[in-house]
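K.L.:
With chain A held as given, fit chain B onto it using these hints.
Protein chains: 2
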Amino acid sequence: MQSVFTFSLPSVLFFAIMKGKRGRKENCRFMSYRESIRVVDTTLRDGGLVNDFKFSDDFVRALYKANLAAGVDYMEVGYRSSKTIFDASQFGAWKFSEDEVISKVIGEVNPAIKLAVMADVGRCDFKNDIRQKKESPISLIRVATYIHQVSDAIEMIEDAKEKGYEVSCNLMAISKATPSELRVALDMISKSNVDVIYVVDSFGSLYPEQVRNFVKVYKEFAGKTGKKLGIHAHNNQQLAFANTIAACCDGVDWVDATYGGMGRGAGNCYMENLIGYLHNSKYDLLPVIQFVEEHVKALKNSKDVWGFDIPYLLTGISNQHPRAAISYIKEGRNDITSFFNELEKSE
Amino acid sequence: MQSVFTFSLPSVLFFAIMKGKRGRKENCRFMSYRESIRVVDTTLRDGGLVNDFKFSDDFVRALYKANLAAGVDYMEVGYRSSKTIFDASQFGAWKFSEDEVISKVIGEVNPAIKLAVMADVGRCDFKNDIRQKKESPISLIRVATYIHQVSDAIEMIEDAKEKGYEVSCNLMAISKATPSELRVALDMISKSNVDVIYVVDSFGSLYPEQVRNFVKVYKEFAGKTGKKLGIHAHNNQQLAFANTIAACCDGVDWVDATYGGMGRGAGNCYMENLIGYLHNSKYDLLPVIQFVEEHVKALKNSKDVWGFDIPYLLTGISNQHPRAAISYIKEGRNDITSFFNELEKSE
Numbered sequence: 469m470q471s472v473f474t475f476s477l478p479s480v481l482f483f484a485i486m487k488g489k490r491g492r493k494e495n496c497r498f499m500s501y502r503e504s505i506r507v508v509d510t511t512l513r514d515g516g517l518v519n520d521f522k523f524s525d526d527f528v529r530a531l532y533k534a535n536l537a538a539g540v541d542y543m544e545v546g547y548r549s550s551k552t553i554f555d556a557s558q559f560g561a562w563k564f565s566e567d568e569v570i571s572k573v574i575g576e577v578n579p580a581i582k583l584a585v586m587a588d589v590g591r592c593d594f595k596n597d598i599r600q601k602k603e604s605p606i607s608l609i610r611v612a613t614y615i616h617q618v619s620d621a622i623e624m625i626e627d628a629k630e631k632g633y634e635v636s637c638n639l640m641a642i643s644k645a646t647p648s649e650l651r652v653a654l655d656m657i658s659k660s661n662v663d664v665i666y667v668v669d670s671f672g673s674l675y676p677e678q679v680r681n682f683v684k685v686y687k688e689f690a691g692k693t694g695k696k697l698g699i700h701a702h703n704n705q706q707l708a709f710a711n712t713i714a715a716c717c718d719g720v721d722w723v724d725a726t727y728g729g730m731g732r733g734a735g736n737c738y739m740e741n742l743i744g745y746l747h748n749s750k751y752d753l754l755p756v757i758q759f760v761e762e763h764v765k766a767l768k769n770s771k772d773v774w775g776f777d778i779p780y781l782l783t784g785i786s787n788q789h790p791r792a793a794i795s796y797i798k799e800g801r802n803d804i805t806s807f808f809n810e811l812e813k814s815e
Numbered sequence: 469m470q471s472v473f474t475f476s477l478p479s480v481l482f483f484a485i486m487k488g489k490r491g492r493k494e495n496c497r498f499m500s501y502r503e504s505i506r507v508v509d510t511t512l513r514d515g516g517l518v519n520d521f522k523f524s525d526d527f528v529r530a531l532y533k534a535n536l537a538a539g540v541d542y543m544e545v546g547y548r549s550s551k552t553i554f555d556a557s558q559f560g561a562w563k564f565s566e567d568e569v570i571s572k573v574i575g576e577v578n579p580a581i582k583l584a585v586m587a588d589v590g591r592c593d594f595k596n597d598i599r600q601k602k603e604s605p606i607s608l609i610r611v612a613t614y615i616h617q618v619s620d621a622i623e624m625i626e627d628a629k630e631k632g633y634e635v636s637c638n639l640m641a642i643s644k645a646t647p648s649e650l651r652v653a654l655d656m657i658s659k660s661n662v663d664v665i666y667v668v669d670s671f672g673s674l675y676p677e678q679v680r681n682f683v684k685v686y687k688e689f690a691g692k693t694g695k696k697l698g699i700h701a702h703n704n705q706q707l708a709f710a711n712t713i714a715a716c717c718d719g720v721d722w723v724d725a726t727y728g729g730m731g732r733g734a735g736n737c738y739m740e741n742l743i744g745y746l747h748n749s750k751y752d753l754l755p756v757i758q759f760v761e762e763h764v765k766a767l768k769n770s771k772d773v774w775g776f777d778i779p780y781l782l783t784g785i786s787n788q789h790p791r792a793a794i795s796y797i798k799e800g801r802n803d804i805t806s807f808f809n810e811l812e813k814s815e
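Taken in order, these protein sequences are the chains called A and B. In terms of my numbering, the first sequence has 473 at position 5, counting the first letter as 1, and numbering is strictly consecutive. In terms of my numbering, the second sequence has 587 at position 119, counting the first letter as 1, and numbering is strictly consecutive.
Hints may contain errors.
Put simply, identical chains are the same to the list, so a pair is met inside one copy or across any two.
[What the hints assert, rightly or not] Subject to a maximum C-alpha distance of 30 Å in a straight line, what follows is the list of computed DSBU-like cross-link-like pairs (lysine-lysine): (1) K750 with K684; (2) K629 with K601; (3) K696 with K601; (4) K750 with K644; (5) K798 with K768; (6) K696 with K659; (7) K798 with K582; (8) K768 with K533; (9) K551 with K687; (10) K768 with K602; (11) K765 with K798; (12) K601 with K522; (13) K771 with K798; (14) K687 with K771; (15) K572 with K629; (16) K659 with K631; (17) K813 with K765; (18) K750 with K687; (19) K595 with K768.
If you are wondering where the hints come from, they were derived from the structure by calculation, not from laboratory data.
Only chain A is shown next, with the shape it has when bound in the complex (with noise of 0.2 Å):
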C-alpha cells in the first residue's frame, strides 16, 4: 500500500545529483529512515479539549484499532487529572483516565503500542492517582510544565520513574519564556529522570526557523545527558506540520500528531500528513485516513469546533494564547475587526 506515496524517480534523481557536502546532507533528511522515530496520538486528549473530553467508547475502540492499524507508538488516552481538583460531573471519562476506565473501554493492551496520560502540574494528585507501573496499562506517563513550575514537574517526573513508566515532559508557553529562564529550565529537566524531553508551540505563534533555533538549544542540554526529543505543534499559523517535520528534520524523535488535527483551538499536526511523510516501511497510511474519514469527520460536523481560522491565526500571530480566540468562535461572533483590536490592547 505504501508503494505508490513515495517520490517519483525524477524527484529522487534530482535530490541525488545536488552537489556538495552540506548540500547532500541536507537533501536527504526528510527521506531518511530513523528506527529512533516515536509516532505519539494525542487526539483524545489534546481533541478532549475540544469536547471536555466527552468521547463515546466505540470511538476510543476505533481509534485504537487504528492506531495499531498504522502503526502508531504511543497513545494518549487523555489526562489523569485529580478529581478532588474538578467536577467529573462536568467532563467525559478522558479527563481523568482512571486505569479501570482504559482496562474496561480498550481491554488488554496490544504489546505493539503503548498507552500514555498527560499530568500537568498542579492539576494532578499523582501521589495517590498515579500507581505503580506493573498495575496500570499505561507505560508513559507526559509531565505538562509550565517554566516557572519545573521544581514540581521534577517531583513528579521522578515519582513516576521510581514507578517504573517512561516519562515525557512538556515545557509549555516556551514563546514567552527568557532565553535565561528556558535555559535554566532546560539545565533542570536534563537533569532529571526524564526520557524525553518535548519543544511546545502552546500558541502556535512559531515558524519553522524558530522551531529549529528552539531544537538547537534543547539539543544542547539533552544531548549532555542523553534525552530524547519530542516536538508538539499547533495550528494557528497552518504551521503545525510543517514545524513537526522541521523538528523531525534536525534529529527531533517523538512527534505528536492528532487524527484530523483535532486539538484545542486551532488544533495539532495532522496524523495523516505525518504518516504520509514519514519514510518509514513500520506505518500505513490506510489507516488512519479511514479513521479520519469513518469517525473524525463526523465530529467535526458536529458541534465540535477546531481548525485554523483567522482568529486562531491572530492569537498564533501575535504570541498569545488561544482562549481569545476560542470565545470567539464559541460566542458565534462575526466583528473580526473589534477582535483585533481587543488582541492589540490584550498585549
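P.N.:
Frame of chain A; chain B shown alone:
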C-alpha cells in the same frame, strides 16, 4: 495596527543571543525586511478555477479595495484565455479578463497596485488578445507553461515584453520533470527577456526542503541573467504557507497568495498568513482579514469547495495532478479506500 503583530521581546532576545556566524544569519532571516518583496494576489485566477471564474462585480471591486488597503503589489484578475478555444458562455468574465471588462469593473487603476493576467501557452491568442501595454490596464503578463512548451512560452514572453509589459513565467509541474529537462528549460527561460521566474508546486507535493533545493537550482540560472524569482504553492499537504516562507527566506522575492487560500483543489498559500508573516510595514493585515470574513467565507459556505482535505493530501503525497481528488469531492464520494487504490493504479 501592525504593532501588536510582531514578536515578543523574549523571542527577539532569544534569537539575538544565538551564537555562531551561520546561526546568526539564519536566525534573523525570517525577521528581515526586504524592499524587494512583491506580494501577488491570485485569488481571482487560481480561485476562479473553483467557481469557473463566476465572481460578482462587487466581489472583484471589494477585493481590489482590500488589496490596495493591504499594500498588495499585484492583483491577478484572471486568465487571458482565447474565446475561440473556450466557450465564453461556460465561464465567468475572469476566464478571459478582457481589458474593457477590467476597466469597466475596476475603473481607473490606482498606481499603488498593478494588475496582472495569466496567459497559458496554447490557450491564449496572445498576438491578437494582448495589446500594447499603453492601451491596457494590465501591467504584468504571467506566462504559464509546461516544460515541453518552453519554446512557445518564450515566444509569448518576448511578444509581451515587446508590447511593454512586465513578464513572469510559471514553469508548471516541475515535480514530474527530470533534472536535465528542468535545467534546459531554466537555461532557456533565464536567457529570455522575462523578468521573474516562478517555482511552482503544481501538485502540492513538495516539502519545504525540496522547495529550497529547487530554489537553489533556479537561482543558479536566474542569477546569471539577473532574473527575479517567485513562488506559487498549493496546500495539498498543508504546506503552501510553509513552502512560501521557506522560499522567501532563501531570497525568493515574488510571493503568490490568495484570500482564504481560495484556489484549485486544496487551494493556495493564504494571504492572511503571508501578510501576517511579512515583516514589512508596507503591508497591513486588517484589510485582509476583513475581506476574508466579509466575502470569502460566504463563498466557502456556498457550493464552491476548496481547501485541505484527505483526497488532495493523497494526490499531493503521490505527486499527481489533483484532478482525481477534485472529481472525488465533486461527486460526493465517500469511499476513500477505493480512491486510495485508484491512485495507486494510476501511478
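K.L.:
State for each hint whether it applies.
P.N.:
Outcome of the hint check:
no., hint, in the structure
1, K750 with K684, "within (28 Å within a copy, 33 Å between copies)"
2, K629 with K601, "within (9 Å within a copy, 73 Å between copies)"
3, K696 with K601, "within (21 Å within a copy, 60 Å between copies)"
4, K750 with K644, "between (37 Å within a copy, 27 Å between copies)"
5, K798 with K768, "both (14 Å within a copy, 20 Å between copies)"
6, K696 with K659, "within (13 Å within a copy, 50 Å between copies)"
7, K798 with K582, "neither (34 Å within a copy, 40 Å between copies)"
8, K768 with K533, "within (20 Å within a copy, 34 Å between copies)"
9, K551 with K687, "neither (37 Å within a copy, 60 Å between copies)"
10, K768 with K602, "neither (37 Å within a copy, 52 Å between copies)"
11, K765 with K798, "both (19 Å within a copy, 17 Å between copies)"
12, K601 with K522, "within (26 Å within a copy, 62 Å between copies)"
13, K771 with K798, "both (10 Å within a copy, 25 Å between copies)"
14, K687 with K771, "neither (41 Å within a copy, 48 Å between copies)"
15, K572 with K629, "within (25 Å within a copy, 73 Å between copies)"
16, K659 with K631, "within (18 Å within a copy, 69 Å between copies)"
17, K813 with K765, "between (36 Å within a copy, 26 Å between copies)"
18, K750 with K687, "within (26 Å within a copy, 37 Å between copies)"
19, K595 with K768, "neither (37 Å within a copy, 50 Å between copies)"
Hints 7, 9, 10, 14 and 19, counting from the list given before, are not met by this structure.
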